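Assemble chain B onto chain A, guided by the hints.
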Amino acid sequence: MKVSKKYYTCDSQEKCQILESGLQLSPVTIAYETFGKLNSDGNNAILICHAFSGDSHVASVYEDAPEDTAPGWWDFMVGPTKGIDTDIYFVVCCNILGSCMGSTGPGSINPATKKPYGLDFPMVTIGDMVNSQKQVLDYLGVKKLHSVIGGSVGGMQALEWCVRYPEMIRSAIPIATTMRHSALAIAFNEVARQAIMVDPHWNKGDYYHNPGPDLGLAVARMIGHVTYLSDEAMRRKFGRKLQDKEDFSFNFEANFQVESYLRYQGSKFAKRFDANSVLYITKAADYFDLADNVNTEESLQDLQGSHSKFLVISYTSDWLYPTYQAKELVQALKRTGQDVSFCEIEADCGHDAFLIPDPRLSKLIGGFLNGIENS
Amino acid sequence: MELKTPEQLRFDLSIIASWIKPGSRVLDLGCGHGDLLDWLKKHKGIQGTGIEQDKEKAAGCISRGLSVLQGDLKDEVLDYPDGCFDVVILSQTLQQVYQPDVLLKSLARIGEQVIVSFPNFSHYSIRLQLLFRGQAPKNRQLPYSWYDTPNIRVITLADFRKFSKNVGYTIVKECAINSHDQDRNGTIVSLFSNLLATYGVFLIEKTQTVSK
Chain A
18 MKVSKKYYTC
28 DSQEKCQILE
38 SGLQLSPVTI
48 AYETFGKLNS
58 DGNNAILICH
68 AFSGDSHVAS
78 VYEDAPEDTA
88 PGWWDFMVGP
98 TKGIDTDIYF
108 VVCCNILGSC
118 MGSTGPGSIN
128 PATKKPYGLD
138 FPMVTIGDMV
148 NSQKQVLDYL
158 GVKKLHSVIG
168 GSVGGMQALE
178 WCVRYPEMIR
188 SAIPIATTMR
198 HSALAIAFNE
208 VARQAIMVDP
218 HWNKGDYYHN
228 PGPDLGLAVA
238 RMIGHVTYLS
248 DEAMRRKFGR
258 KLQDKEDFSF
268 NFEANFQVES
278 YLRYQGSKFA
288 KRFDANSVLY
298 ITKAADYFDL
308 ADNVNTEESL
318 QDLQGSHSKF
328 LVISYTSDWL
338 YPTYQAKELV
348 QALKRTGQDV
358 SFCEIEADCG
368 HDAFLIPDPR
378 LSKLIGGFLN
388 GIENS
Chain B
206 MELKTPEQLR
216 FDLSIIASWI
226 KPGSRVLDLG
236 CGHGDLLDWL
246 KKHKGIQGTG
256 IEQDKEKAAG
266 CISRGLSVLQ
276 GDLKDEVLDY
286 PDGCFDVVIL
296 SQTLQQVYQP
306 DVLLKSLARI
316 GEQVIVSFPN
326 FSHYSIRLQL
336 LFRGQAPKNR
346 QLPYSWYDTP
356 NIRVITLADF
366 RKFSKNVGYT
376 IVKECAINSH
386 DQDRNGTIVS
396 LFSNLLATYG
406 VFLIEKTQTV
416 SK
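Protein chains in written order, with the numbering used here: chain A, 18 to 392; chain B, 206 to 417.
Hint data in this document are derived by calculation from the structure and do not stem from the laboratory. The model shown is predicted, which means the values in this text are computed figures rather than measured ones. Keep in mind that the hints are not guaranteed to be accurate.
To be verified - Calculated lysine to any residue pairs in the SDA-like style (CA-CA distance at most 25 Å, straight line): (1) Lys161/A - Gln252/B; (2) Lys226/B - Ile389/A; (3) Lys378/B - Phe397/B.
This is chain B alone, in the form it adopts within the complex:
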């Protein structure tokens, strides 16, 4: 199998990959074809597991030697022992989750850290479309119509910051990026990120509660 170099990993995935320590135990929720897991296994020697609902994709992952469970991530995360993973990755999946709060809470049980990435719904192109056309917006990150989109949640960077705090997490790292879905290249957005970033990537950790 062809080795993927860091440059060839999709830009948002390469940010996630750069946050993962070598040898970590990683769970990738909604791992798709397994590109990130495969890269992390080869370059960072991780012990990785993926969960993927699509049977063909899950079978493809297993056929390339990855450990992947075919199933619904909301059920699959329930069976792991506490603290089973160093990092749980939820890449471009949060916007498709029915009960994000329930999911995030159960991820706090099984993982030390969670990495979440999602398309930013407050990008200026979306704001302008809604303002001037008055229709449900579409862009390259969110290309679907309202009636056929798998994305049942619209999330902005500002929303996520608030949400993660409410479900008991502290943000450790945050990276707003500007890239297009299949682009290998992108840029990190440091100013006016809620307006200019196409994606947000967050590394969060369970907030330590002071014992009384």
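The shape of chain A in the complex, shown without the other chains:
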């Protein structure tokens, strides 16, 4: 089974997307990948929503990009006979609006100026991302989602889907996610944004024809990466071990392995990701709030009367979206009368645990999907 990245572009005036901010965005292109076959009723589809810096390449390898041999980011979960079984389900994964992995974002060409948008790109929300995914699913002929599944910012999208299109959703699996960012999560995102914006190469977002703010972006990723790990994981992986050294060098080179690792992760990320996309997507995650209708139009209270099944999963060592936040989500779902399951998984690898092959997660998701009656 191999896959290729496809693109859906909406440029017709009547379908052009009105964003939550009230601004219009056209054209909108969404990169997506599909696995398995859609049945004739269009109701065996599963939408997988990727996390902040992910992309549509959820599983398998590209058939038409020999230079890119990496399997997708959830390859252990998605495929024939795997937790999300592509022999049974038609799996779709879209790159989110505002990203830089094939979908329209701040690095795309603004038709009005024929130059990259930069900061002229309108602010997009998790709701806007969901609406653009809905257009792709309509185009593909998907009538009903057997499940919408996502971790982290992907989990936010899954929840937003349930609130916006409850009639389309049989079930949802929000993993390592939250109904709204805590001050801690907003704080980390703000540090990441500031790291980018203080880099002189950022140039108020207008850098696409010059060297970009790679250093700021790398620092942003370093802080992000720390939040995806955990105290235990870092202790186990690095401890105080030195990098290729017997002793301290008494200067500011990377002495400790953890320093070297973060520097490597930072510069690797700067090569593949657009700094402006980091600004836009982190802001969308910070604005997301399904706990009440005060600041946003949608909330989980809107689920009253709808009947989707939920499986909420959290990880013991996730300090970005700790279990207490998953429990708040579960409470809110129970109060609206939803059929909700919850499980906290013991894992020491922090927030990113859902991306690490784990037969427990595959079994949980596979069993849950199997238990959902077709309706």
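Relative to chain A, chain B alone:
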């Protein structure tokens, strides 16, 4: 997954199952591996939810397609809307609850009826052990020593009748049974139940108060 026939359900669970109306909304507190919920879902078409503290067991239940929340039942029962369930089941769990009165009162809010089962501490084998050996008794239903038992409450059938009345319930059905923990078979005890029954199973309902 293999279907369990009524005979294969543990005897005390089969009594509970026989009291549940098809299509009911059921909450099973301390659902363990989910055997009862699974049976009720398949045979009585119930809409069931379970609560289980043990992470492995809860994950196992979800993996077999049951709706189960991993958590502490005393907290989990608080979040449901009023009258959310037709029946709440507390099977072999009451003896492990820290504040049974608080729990029973909150179950009256979320469920129309409550089914409670527990090992009977006044079974003659227990009385004889205490009388002749003078040590904390053990039997097949209560196999633990005093220092490692999860059972922090000792309850007799007579105690429960009084307790349920005190916390505002009326007993609708009561069944005293004699079975051993993993036994598929058992008998219903009709005479001298407080002495001869190993387990008690009660169906209780909130006592209707006359409005003034």
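Please flag the earlier hints that this structure goes against, numbers listed from lowest up. The structure conflicts with no hint, since it agrees with every one listed earlier.
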